[in-house]
Amino acid sequence: MALQAESQPLQHPKIQNIIFLDGSPAFVNSYTKKYQSTGVQREIDLLFAFLMMLGVEKISFEFKKELMSLSSTAERIKCTALKLNNHYRNITLEDVQEAFDLFYRKAMIAIQFSPKRKLRNDVMLIKSEDSLFVSGNISESFDLEKDCDGYISVHTVKGSHKTFIEGEGAEEIARLLSDISFSEMLPDMHLSKT
1 MALQAESQPL
11 QHPKIQNIIF
21 LDGSPAFVNS
31 YTKKYQSTGV
41 QREIDLLFAF
51 LMMLGVEKIS
61 FEFKKELMSL
71 SSTAERIKCT
81 ALKLNNHYRN
91 ITLEDVQEAF
101 DLFYRKAMIA
111 IQFSPKRKLR
121 NDVMLIKSED
131 SLFVSGNISE
141 SFDLEKDCDG
151 YISVHTVKGS
161 HKTFIEGEGA
171 EEIARLLSDI
181 SFSEMLPDMH
191 LSKT
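Counted the way full-length UniProt numbering counts, the sequence shown spans residues 1 to 194.
Source of the hints: derived by calculation from the structure; they are not laboratory data.
It cannot be assumed that every hint is accurate.
Each computed BS3-like pair below joins lysine-lysine, with the alpha-carbon atoms no more than 25 Å apart [as the list claims (entries may be wrong)]:
id, residue 1, residue 2
1, K64, K106
2, K162, K83
3, K34, K162
4, K34, K65
5, K116, K106
6, K106, K83
7, K34, K106
8, K116, K33
9, K14, K64
10, K146, K78
11, K83, K146
12, K158, K78
13, K162, K116
14, K14, K118
Throw the hints in and build the complete structure from the sequences for me.
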């Protein structure tokens, strides 16, 4: 969407800043590499990731084997819904089906995404101090230099991928965003942090 907005500024005049929150195309690629398998195996891997995202951390290899033994996606989702019922009350099978379908589609888009060109604008990366994972193959700027020709500013906020947008982290992010808004009102001034 950022490339589209950048290439059509008259249609998207309000989009002036591109800000990445603890992520980048390379970060997403690195994360989705574990889902490069196909068919049932990919589906099961994504169901596992879905459960982990929802905080169901105690899932075993036995559960994975149970999912493998089921003959259809519907059965695997139903089995996953039953697993979620142990952690969440009042969750329906339909809720789980819809949520997993959206999660699956999002994952597939991420797996298949490949930008056609680099962003020309300056970008800001606000990352958590304890990011999900950064392999040795990804730079401190999450390889944004491979996707952006403009200036890349990197800011680190205390917290994990899940918590850096809460509490003090949220206040720090708000200050960073406020600095952007202020500098746009006075474009000839170069603000520096004290």
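Hints numbered earlier in the text: which of these fail when held up against the supplied structure?
Those not satisfied are hints 9, 10, 11, 12 and 13.
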